[in-house]
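Number of protein chains: 4
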Amino acid sequence: MAHMPVAKEFEHTRQFTESLCSPLSIEDYQPQLVDYASPPKWHLAHTTWFFEEMILKKFAAGYSEYDPEFGYLFNSYYNQVGERIARSARGDITKPDVDEVYLYRKHVDKHMNDVLENAPTEEVIQLAILGINHEQQHQELLLTDLKYTLGHNPLFPVYDKSVNLVNDLNSEQGLLNIDEGLYDIGYDGTGFHFDNECERHKVYLNAYSLEKNLVTNGDYIEFIEDNGYNKFEHWLDDGWHWMQQNNIQSPLYWHKVDGQWHHYTFSGLIPVATDAILAHVSYYEAFAFASWKGKRLPTEFEWEVASDQLPWGKRWEWTNSAYLPYPGFKISKGAVGEYNGKFMINQMVLRGASTATAKGQSRKSYRNFFHPHLQWQYSGIRLAQ
Amino acid sequence: MAHMPVAKEFEHTRQFTESLCSPLSIEDYQPQLVDYASPPKWHLAHTTWFFEEMILKKFAAGYSEYDPEFGYLFNSYYNQVGERIARSARGDITKPDVDEVYLYRKHVDKHMNDVLENAPTEEVIQLAILGINHEQQHQELLLTDLKYTLGHNPLFPVYDKSVNLVNDLNSEQGLLNIDEGLYDIGYDGTGFHFDNECERHKVYLNAYSLEKNLVTNGDYIEFIEDNGYNKFEHWLDDGWHWMQQNNIQSPLYWHKVDGQWHHYTFSGLIPVATDAILAHVSYYEAFAFASWKGKRLPTEFEWEVASDQLPWGKRWEWTNSAYLPYPGFKISKGAVGEYNGKFMINQMVLRGASTATAKGQSRKSYRNFFHPHLQWQYSGIRLAQ
Amino acid sequence: MAHMPVAKEFEHTRQFTESLCSPLSIEDYQPQLVDYASPPKWHLAHTTWFFEEMILKKFAAGYSEYDPEFGYLFNSYYNQVGERIARSARGDITKPDVDEVYLYRKHVDKHMNDVLENAPTEEVIQLAILGINHEQQHQELLLTDLKYTLGHNPLFPVYDKSVNLVNDLNSEQGLLNIDEGLYDIGYDGTGFHFDNECERHKVYLNAYSLEKNLVTNGDYIEFIEDNGYNKFEHWLDDGWHWMQQNNIQSPLYWHKVDGQWHHYTFSGLIPVATDAILAHVSYYEAFAFASWKGKRLPTEFEWEVASDQLPWGKRWEWTNSAYLPYPGFKISKGAVGEYNGKFMINQMVLRGASTATAKGQSRKSYRNFFHPHLQWQYSGIRLAQ
Amino acid sequence: MAHMPVAKEFEHTRQFTESLCSPLSIEDYQPQLVDYASPPKWHLAHTTWFFEEMILKKFAAGYSEYDPEFGYLFNSYYNQVGERIARSARGDITKPDVDEVYLYRKHVDKHMNDVLENAPTEEVIQLAILGINHEQQHQELLLTDLKYTLGHNPLFPVYDKSVNLVNDLNSEQGLLNIDEGLYDIGYDGTGFHFDNECERHKVYLNAYSLEKNLVTNGDYIEFIEDNGYNKFEHWLDDGWHWMQQNNIQSPLYWHKVDGQWHHYTFSGLIPVATDAILAHVSYYEAFAFASWKGKRLPTEFEWEVASDQLPWGKRWEWTNSAYLPYPGFKISKGAVGEYNGKFMINQMVLRGASTATAKGQSRKSYRNFFHPHLQWQYSGIRLAQ
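In the order they appear, the protein sequences are chains A, W, C and U. Those letters in the first sequence? Residues 65 to 449, by my numbering. Those letters in the second sequence? Residues 65 to 449, by my numbering. Those letters in the third sequence? Residues 65 to 449, by my numbering. Those letters in the fourth sequence? Residues 65 to 449, by my numbering.
There may be inaccurate statements among the hints.
It does not matter which identical chain is used: a pair holds within one copy or between any two.
Heads up, simulated DSSO-like pairs for lysine-lysine below, C-alpha to C-alpha not over 30 Å straight-line [said to hold, decoys possible]:
{"no.": "1", "residue 1": "K394", "residue 2": "K266"}
{"no.": "2", "residue 1": "K266", "residue 2": "K276"}
{"no.": "3", "residue 1": "K266", "residue 2": "K295"}
{"no.": "4", "residue 1": "K159", "residue 2": "K174"}
In case anyone wonders, no lab produced these hints; they're calculated from the structure. Since the structure is predicted, the reported quantities are computational estimates derived from the model, not experimental observations.
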């Protein structure tokens, strides 16, 4: 039956989220160090609340809410569905505890299973698929947010020795040349995709070339050693002030120990491998590095057009495109419409995927976006010219 | 001779700047209320410093600097030419006083005149034209910054009774329809223009229409009265937080007095004319208004393509385009290269011109740009769909 | 033997701290909502570190530190013994986890027991007594800090239903009159006391009278209902600004529900009992209330002289004395000297004790002290005239 | 006639204030760099408003206010008499201009003269005396606030070459010893004094000694060179954080030029004279210096008792006393009652007087007070033990 894959996908996604938490102690579920990095407990509960709010409360006959207060506690930014606690206060909430959040997940999973196994309508199926994709996005955030917490502990604790998300190497080198012309951009298919990937539309591009390889740690160390952080001629004005006010002199998680660069990873603090692909730089650093190299970052359109001929997926790649709507973009009615459109300001687009990205979130039309000063994603650099 | 118009243009521009200050008391030259609005004294000195630094010190044989400390005091953001005082401290500096700044202007004017009257090289002519355009931009800023100071005085003092920069009316109504197609964008001519208007390049546009009229005060009052400031579904997320944290409930300078909207103008506090064109809204407000109307803001490309068929020039118009480089954009070497490129982040493009804009700064390819929360320019709204 | 009581007192104190944590889930041990309220896990570890640092590392032959990093993590403010993490980052540290902190306590307890049972020197005994008193102070803070966390959870979770620290009633009413004269102030005895209670010295007092009863919730509700929070003539200038900037309109933990004042307690959110003694007001509020009553707060000297004739111990009482050294006060050499003296600025003295105060911390010469805006202790009001 | 001296004193005081401004350019009257240092224009207007508000509006028959808006603009902190502009916005107000403020002064002077020459009541005389003393206090602030503005100008402009307020030398050396005993403290006479100098009351003091000399620049340079700013054992905890967060490494206005300490004075930037008396240190620095010397600061009572036998008046001297009410202190009814009492928190007492102090403000019972981090007064150090 048509809906069976959704039920399976639902189950798989829900289990995978929990498996990411298996190495954690209860304490690790709790803290929030900065407003943009939420606690694991919150991610577990918020993704659950999404299914309860968007599906169960509306489409599951006789469903009774697990706890009416949870909407207030675990809503992220959906103004349509009422008040919520301050985004920066998520780490303050010790009750419900972790055990209860897992009970909440079980409760919602059971009811979602009933819904998905009993001839759901197409609307419900589409909402379930949205919820699954939403949870996959939070899987990535759960990992990057957790890394932020563990990486700021002076003990540099190990998350899982067997997990090594950092030593990706480039598989290809050289330039890919693309001709001038009119190209089609945006999602082109029949599967799930976000509203911000539409409408498909034409973009005219001048001829350009992209490097097949991503910038490595070694490349970036050259920039540092050439005093790149203090050469204002390569920096955007806002980036220059951000860098000075926050005393940034390296990618996030990098520490110089006895003259050698180390970085915090999920396996602990280890030496930086110079041939591995760089991560954890802000857009400002990416821009400055590209300028220092005499090159530039690609636009998201240049990236998408070239993507079929490029190895990608190791790191999110900063582009030189602002996150703005495509022609014909429409915001959906109601709470699901708050998903993407209202963030279309002050953010830059990333393309590709990182090693923390769920499989379902990796396609060439996918648009990630962050404020240009943020370093905590596995964000890296590809050069264009 | 080819350079004569430059000498004349120089003289005219310099005099016009000073004429803008003729209604001021000495006190008005001094304060800086926010970091983005500089004192008149600083504008007078900074535009002068630009000619001294970029031309006289390099090209005027035997020129001796008026005062070596002035570079430190009146440099705005040119890192290439050394340290400078904090941008927010410009109002703190009482010496040199206004009289001395006028002497500084006289000194530089005299030497510039010598240079421009004595067979200047093409390089010098081009730098002089750049300096003239730079000073024209500061004429506009001088007025808008001054308005900020006077408009925040609880006495609402008059700048000049004869100056009325607010009651512009729309001269046309209705929709202008533009066909889908490939269009050329960017400066196309042989006159002066800024580097950010180049290179001329092709952009593909879907069919669209623009309103010939700009949004009026009366239109915006409807938005206010319909509780538009509190309907989150029309706001960008960053805009929603800006509005709430700063308690914004109207355009800048608007005050409700005895139930009627008034606004501060250079003629004092007067009732808002409902048929006049709206000004002093942020991008966030422009976006929310457009959403509330079921429309959208145009991109800068849509605007430029349509501009020959539109009345414009009353208000700067917010577009839905981020300020980013055109394909092939190159930053010039040295200090003049710091003019535009390093601001290409976190800002939105405005097109058109306002009543405070110098004539030389008004052309269809001209790109102004500000952070999306700023209201102090004469920024208004044109709707697209 | 002379040292036996110390060993017993040590054991009892250590166990009592842990018993205070018995109602907690692991999550409750973790967060820190404000810099002045530390997590239970930190209190457990810090008090342990104190014994390790001040006694075991110096006096226990062959003692090997449990973990050299713990000094960095659990030092509070002893600059003498090296760097420490930012005070506001205590809630960020998820490792060591709670289990390990209890192992750390066991390790130190065992070694301390060895030391205390084997003919300790007088110096060691005195340091052990200091450490015991230090831990007793942290027992009180552990409770008040925990209340801050639970009391800011919108679910108002119960700590322990059987614990009710709020319904203390006044046992006496009326005025106590004290004659003008020269009085002795400061610790007078041979038991343990802090350096800030010495030297004993003479103070001349005018005749005065104190109320035997403390201000009740009902008294304070009258102040609120008489608009006392908005009558600037009763407020100190700094207090007025604090109150307005933080939008304070009631004691901490008070909420008006359906027209009735409730407050968060360790038993949950319950109605305020009007005849119970008031707690959780700042010095600023205490001052304003006293002024509104046409009275004043007593000085710490007036309080101490009268204390033998007063019922006290229900609430810490704000005095109108700044926390400053007594004549002849000497700071001890080394880290133990950082205990009290360096805080003698910007704080006001509280006298008495609260229901959260350990028995050993309750004596008439005891001086507690906090910044005047803080509400999170069980701080109340006694009136003088 | 009894009131004649008041009229003369009024005239003299008003003229002296204006004479202090005679070296100023109009620009110097305008800016406010920090909220605690007001512009000269504001001081000129505020002291005038005080006479208008407290005397003319109530006691001058038929007096018509110069401008009703001035109360709003030039009230400092008298909540009783209505709203006022934010304290930090005084430098933003360019209208009324300086000329008009002088007209305002003339207007009020004329009417005050009429009142004082025509058999004023005792109440009016007392209010006039208060106003005169109030203006004398502002004369001192006008100078110290002006120094703050000129001293932060990178040109270090001269106020008046003939004014040298910094090279005071000690006239005596050695210790003054005072016996233990009961002493009377507070104003004792029939002349003008502030409410905070009363009531006269008894204080018991242990035996103590004071240095007859004040600490010199040379003494303080030894502290700096001994790394005193980085020896936490001498610092109060709040002082340590203030010093680190604000990167304080010397008294205010000190700059090291080519290896030698210079300081900004009203005569410009000059080398520090090592034998001259130190000024412009905060309480925190005074405390740390005293601790480093193995001594302490005196209490305000120790200071007052010894004052007849000490040379003083060169610098305000920080005491180790918090600014709190004397026994029996009463706040006056109405706006004049807001003068002193409401500031009795978070401030430390200074005794003596500085070279910027008006003659009338110099008596042994006079209590000045500032927050402990402030350096902009001529505050110095006397050691006790």
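Check your understanding: Using 30 Å as the alpha-carbon threshold, which applies to K394 and K266: within, between, both, or neither?
Key -> both (17 Å within a copy, 25 Å between copies)
Check your understanding: Checking K266 and K295: alpha-carbon separation at most 30 Å within a copy, between copies, both or neither?
Key -> For K266 and K295, the Cα distance exceeds 30 Å both inside one copy (38 Å) and across copies (34 Å).
Check your understanding: Under a CA distance limit of 30 Å, which applies to K159 and K174: within one copy, between copies, both, or neither?
Key -> Within one copy only: 23 Å inside, 34 Å across.
Practice item. Could you place K266 and K276 in one of the four classes (within, between, both, neither) given a Cα distance threshold of 30 Å? Key: both (24 Å within a copy, 26 Å between copies)
When held up to the earlier numbered hints, the structure conflicts with hint 3 and nothing else.
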